[in-house]
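Each chain, written out:
4 protein chains.
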Amino acid sequence: MSPTKKAGILGATGTVGQRFILLLANHPQFVIHALGASSRSAGKTYKEAAKWKQSSPIPEHVRGIVVRPCVAEEFKDCDVVFSGLDADVAGDIEMAFLKSDLVVFSNAKNYRRDPTVPLIVPTVNTDHFTIIPHQRSLHSLRKGFLVTNANCSTTGLVVPLKALQDAFGPFTTIVVHTMQAISGAGYPGVPSLDIMDNVVPFISGEEEKMEWETLKILGSLDQTSTSFAPLTQTRVSATCNRVPVIDGHTESVSLSFARRPPPSPADVTRVLAEYTCEAQELRCHSAPRRAIIVTEDDDRPQPRLDRDSEGGQTVTVGRVRTCNVFDIKFTLLVHNTVLGAAGSSVLNAEVAVAKELI
Amino acid sequence: MSPTKKAGILGATGTVGQRFILLLANHPQFVIHALGASSRSAGKTYKEAAKWKQSSPIPEHVRGIVVRPCVAEEFKDCDVVFSGLDADVAGDIEMAFLKSDLVVFSNAKNYRRDPTVPLIVPTVNTDHFTIIPHQRSLHSLRKGFLVTNANCSTTGLVVPLKALQDAFGPFTTIVVHTMQAISGAGYPGVPSLDIMDNVVPFISGEEEKMEWETLKILGSLDQTSTSFAPLTQTRVSATCNRVPVIDGHTESVSLSFARRPPPSPADVTRVLAEYTCEAQELRCHSAPRRAIIVTEDDDRPQPRLDRDSEGGQTVTVGRVRTCNVFDIKFTLLVHNTVLGAAGSSVLNAEVAVAKELI
Amino acid sequence: MSPTKKAGILGATGTVGQRFILLLANHPQFVIHALGASSRSAGKTYKEAAKWKQSSPIPEHVRGIVVRPCVAEEFKDCDVVFSGLDADVAGDIEMAFLKSDLVVFSNAKNYRRDPTVPLIVPTVNTDHFTIIPHQRSLHSLRKGFLVTNANCSTTGLVVPLKALQDAFGPFTTIVVHTMQAISGAGYPGVPSLDIMDNVVPFISGEEEKMEWETLKILGSLDQTSTSFAPLTQTRVSATCNRVPVIDGHTESVSLSFARRPPPSPADVTRVLAEYTCEAQELRCHSAPRRAIIVTEDDDRPQPRLDRDSEGGQTVTVGRVRTCNVFDIKFTLLVHNTVLGAAGSSVLNAEVAVAKELI
Amino acid sequence: MSPTKKAGILGATGTVGQRFILLLANHPQFVIHALGASSRSAGKTYKEAAKWKQSSPIPEHVRGIVVRPCVAEEFKDCDVVFSGLDADVAGDIEMAFLKSDLVVFSNAKNYRRDPTVPLIVPTVNTDHFTIIPHQRSLHSLRKGFLVTNANCSTTGLVVPLKALQDAFGPFTTIVVHTMQAISGAGYPGVPSLDIMDNVVPFISGEEEKMEWETLKILGSLDQTSTSFAPLTQTRVSATCNRVPVIDGHTESVSLSFARRPPPSPADVTRVLAEYTCEAQELRCHSAPRRAIIVTEDDDRPQPRLDRDSEGGQTVTVGRVRTCNVFDIKFTLLVHNTVLGAAGSSVLNAEVAVAKELI
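Chains as they are written, first to last, in the UniProt record's numbering: chain A, 1 to 358; chain B, 1 to 358; chain C, 1 to 358; chain D, 1 to 358.
Do not take every clue at face value.
The list cannot tell twin chains apart, which means a pair is met if one copy fits it or any two copies do.
[What the hints assert, rightly or not] Below are the EDC-like pairs computed for lysine to aspartate or glutamate, each with C-alpha atoms no more than 20 Å apart in a straight line: (1) K209 <-> D299; (2) K162 <-> E48; (3) K143 <-> E73; (4) K51 <-> D299; (5) K53 <-> D308; (6) K53 <-> D298; (7) K51 <-> E281; (8) K76 <-> E208; (9) K5 <-> D222; (10) K51 <-> D298; (11) K53 <-> D299; (12) K51 <-> E274; (13) K209 <-> D114; (14) K143 <-> D77; (15) K109 <-> D86; (16) K109 <-> D88; (17) K209 <-> D86; (18) K44 <-> D114; (19) K44 <-> D297; (20) K51 <-> E296; (21) K209 <-> D88.
Worth flagging that the hints you see were computed from the coordinates, not collected in a lab.
For reference, chain A alone in the conformation it holds in the complex (with noise of 0.2 Å):
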């Protein structure tokens, strides 16, 4: 089968950007069309015009593209659009995409809170992209649509939660404590000076973005789907932090249901273990063959040996166990720049394409 959906990748030149480049090289159903990024690049070939800072080359038909202006005019012959820019230029940008009738899928912040764009895990909500046709309607769009995908941190965090609300319901309380690694912060990012031998307890707006993240993905839409209706009855406190990692977050976990008795560490741990998600009943190209793994030794998950887990996609748990204070606690592991960014967009796509959205 060859790939019929022409891609374009905005931001295309950034740490986003040629991950999104490697997860759609060899796609099946995306075929790498259109490359934007600044004026300062544009007019180059990619290879001329970015710094690529990835462990495998860059692609050979990749090369030789020449990167576009970020415009929408320039991207109309796309199928679908997936933007890695950076949050001060992709409002104005994803918006005039978007009412150029262009399907975008977004790692940016800036629609994130919007009323009528979903912010969906891929293997979390994509129930969410019910949401589309009123999304549409409201733009006066025939085909064209926004989907963003969720700040790093949270899509690692809502995997195994919505595994849970699934299993005993809702939670009373979620305190979460983060272990960033540096390539969240995209290049040149963290200096090194800042980072080596250290631990930089503060990420800006990262904490305030776990939090209500966290309640509009766990939430639901209401019946007509017209609307979301983020969790009301949780609490969420995040404290995140940035370590001396090149790729994965690692995430220490608290909760409280609501409900009486609580699951025991081995119903949380089976419960974890089992869960499946709609993008691998969809069998998507990139969905993980487990959504979660769960560990089997009490010193994992660790980045460096649990991150490129079933390419990226997946989660890792380990150390379910009760908490003083809490129900459980657990760590979980998550691959900031796969799953947390440009492989949460690409499996939306996927599961776009098989909602004949796309």
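Using the hints provided, position chains B, C and D relative to the given structure of chain A.
Only chains B, C and D this time, still in chain A's reference frame:
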């Protein structure tokens, strides 16, 4: 003033032992008199026996000291003995030293739970020294006694907690999440293949230690000064991780107080910044000028930048703020091999001298 | 095609052994049949016995294999045995295996200097296999033989040297300076306290190995194929350092040729880029598509970005330029645990199969 | 003695500027009087303007100093000005300061090649100060002059070379290979994504600097003290790499001497250990007790363990041994931001005071 108290160091070739040597090398009260290590090292000069891993060289007068075996008879002429022994040998050796009427300040975990052995963080609970007469009478000692210091992570935690408990009364819940330096595991300790570009979300026994030690240290002595009354109304949950940092444990702390309404972040900040302790009042040589430093910048404390403040004997606190789940959260940093280990023992000994126990 | 040769792996739980497992897990010719380790591990399943440190999981069918002791009798049914044994035990065990008429590909240093054992880097000197008939006759073997591969640092060095020697004739001087990854020291190997924020300018025995191995590998066999003639007109000086890199040895090389005038940087670049070797001509499964990759960018090769090129079986060369003291200097990178260790043995074995020695 | 010379610091908010502040904060001769930075910082207090990255805090009396723009008029009242300016602005500013009859000690590269500006490493060639009268007369200055210090890597190299040249006469060849710390690139400097788990085998312009600076520093002044005579009979080849180390450049050096027979390793070791320089004889405050430390252990020097010896103003040398290609090889370590940058300028200024040039 030339130093007048002869000090012995057990486990002198290990990581904690090396710190003891640096801290005592130019001490105004203690002079390094005897060094003890395993039979493999005994009989060699210290320079020959030790694999020195500190960033300042072995003090000149220590290089040629001939290492002794760790038997009490060999340390009879010491006024005080500091133990940096590993837990697998510390139990028997320290008890033998105590029974020989020697004064022992131990960094090992073996006797921390003993109901007659105080567990003292020198900027927190030096009032626990009042159990010493009772301890002596139990063992029929004239001048000897045994004092332990706390686990490195616990030590960092209890300093701000003590300040807050003194000001605002008891806690209902304490949740702490650590990012601990590799030096806490000694030498050779953590293999580089385990920690470079990685986080290890498990340190054997560490979470349990933090959970109960906190209750003993923040607890009180009964009125007869013959037994400890650990806190009973406070729940503590600890999660411990190893991160690629050389020295300095970073800890995220969330707290709820029994008192309603709880103190505000401004109240907490003020109380922390103003905290003083008995070791300061006694003008002990190694007492920090400030027992707690509250940082101005919102991305601090950071281990590389803050661990050496006040010679490593302070705790640096930052990001004091409200929490969606608890009353208050903040981040702290402690130098794990100074205040968190050898530095506690040395300052404890200084307090004991000031209290005329030595 | 299903694999037809039964492979045994000695030292299977160690770092090199783990690489052998990954390289052979889906091999078209070899099937993992037997795993050998110390008596401490023998009798356990591989999952129980091994402290697995690779970033991809233990292959499913290997987890349950019961580890055997490293005695020849237990490996009689293997067509080929790969040895990742430590040098302190490899000598006796490998000789016993050889005398039992087994085929052994060893990563250990013990027999590299043996005048009848070839020291083969698979993309360099597979013509040295022609000594095997002589080796067999000496030991009265029917099908067994012993082949060693080179030290990891030597391996990276000799690949471009071979290309240049073939094109431009002999060298008068070779100066090499290494920056070696921690994985080269095995597990637990380098303590993190020794290498974080640090360089260790000494690796025991490494410089000597690089200096003599290079001469044997680049040398020739005599006409009767019964003895090796190492280079005698070339002086080699090696300086070896350990740096905080997980995988991938970086080496700076300076060369002078006997030929006057010497080749230009452009000549050298062209010859390196065009180099091909016998393993490629024989279409061996693990042979790299390009035995040498010459980088375009002047800040490459870099271990994190280039070590996985061609599955780790290539050598990447960059910064080819003239030298104020010698004729030419350049920088190279080799994946120390793939081509520099297990990958050499596996590719050597594939060549041996192609040559009908197995 | 209270300090009597008023010191200005240009580029005060940068990495080198921060080191100047730490080195001058408690200096017996110089008092920090004026701080200069870009127009973006001018007018703010130093605490507001600087992104402080040192492991000891901003000195109390410096926090509130209002930063000035880098114009000579603003520094008229300074007895000496230390420049940590970047090369892109240092040229014009330093020349303007010189022409305003100010005394400038510059860490920038701009005037190092100037035939009337001395390039001084304070433990090597303080005799080059004798060109100052000629420099003053050229610019018609009464008290002002301009002195540069060398590149950080060159600085480490020339200290042992000077000792050996004094004792054994000229070199025919010098080959040096560096492993340089990230702090050498300033802040934000090296992105963490470029250097974690990595080596970058290229530092723009660095090799050329090492190759010619060495010749000027080890060269002499002509008899009239009006021009420099760099070495002409010595070939220098430098290879420069960036490694994941925070502070401290490690360099492998190979040498051949003109004299036959060459000195033995024992000769070299003795001469290095006994070396003393004029800054020591003049009893300058920042002069190291030992200008060169020869290590006892064969795995030293190491940046983390040796960089702070003698306050960072020494060069540590180890592994002195014969070389298969040259006469001698050894490894050295220099603290790149102390002796390799700000520390050189400060000690140079102390020498100038002792020589009554200030």
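Hint check results:
no., hint, in the structure
1, K209 <-> D299, "between (28 Å within a copy, 18 Å between copies)"
2, K162 <-> E48, "neither (43 Å within a copy, 33 Å between copies)"
3, K143 <-> E73, "within (16 Å within a copy, 66 Å between copies)"
4, K51 <-> D299, "between (36 Å within a copy, 11 Å between copies)"
5, K53 <-> D308, "both (17 Å within a copy, 13 Å between copies)"
6, K53 <-> D298, "between (33 Å within a copy, 14 Å between copies)"
7, K51 <-> E281, "neither (38 Å within a copy, 35 Å between copies)"
8, K76 <-> E208, "neither (35 Å within a copy, 50 Å between copies)"
9, K5 <-> D222, "neither (32 Å within a copy, 61 Å between copies)"
10, K51 <-> D298, "between (39 Å within a copy, 13 Å between copies)"
11, K53 <-> D299, "between (30 Å within a copy, 12 Å between copies)"
12, K51 <-> E274, "neither (41 Å within a copy, 26 Å between copies)"
13, K209 <-> D114, "within (14 Å within a copy, 46 Å between copies)"
14, K143 <-> D77, "within (13 Å within a copy, 64 Å between copies)"
15, K109 <-> D86, "within (9 Å within a copy, 36 Å between copies)"
16, K109 <-> D88, "within (10 Å within a copy, 37 Å between copies)"
17, K209 <-> D86, "within (16 Å within a copy, 38 Å between copies)"
18, K44 <-> D114, "neither (35 Å within a copy, 40 Å between copies)"
19, K44 <-> D297, "between (49 Å within a copy, 17 Å between copies)"
20, K51 <-> E296, "between (39 Å within a copy, 13 Å between copies)"
21, K209 <-> D88, "within (16 Å within a copy, 40 Å between copies)"
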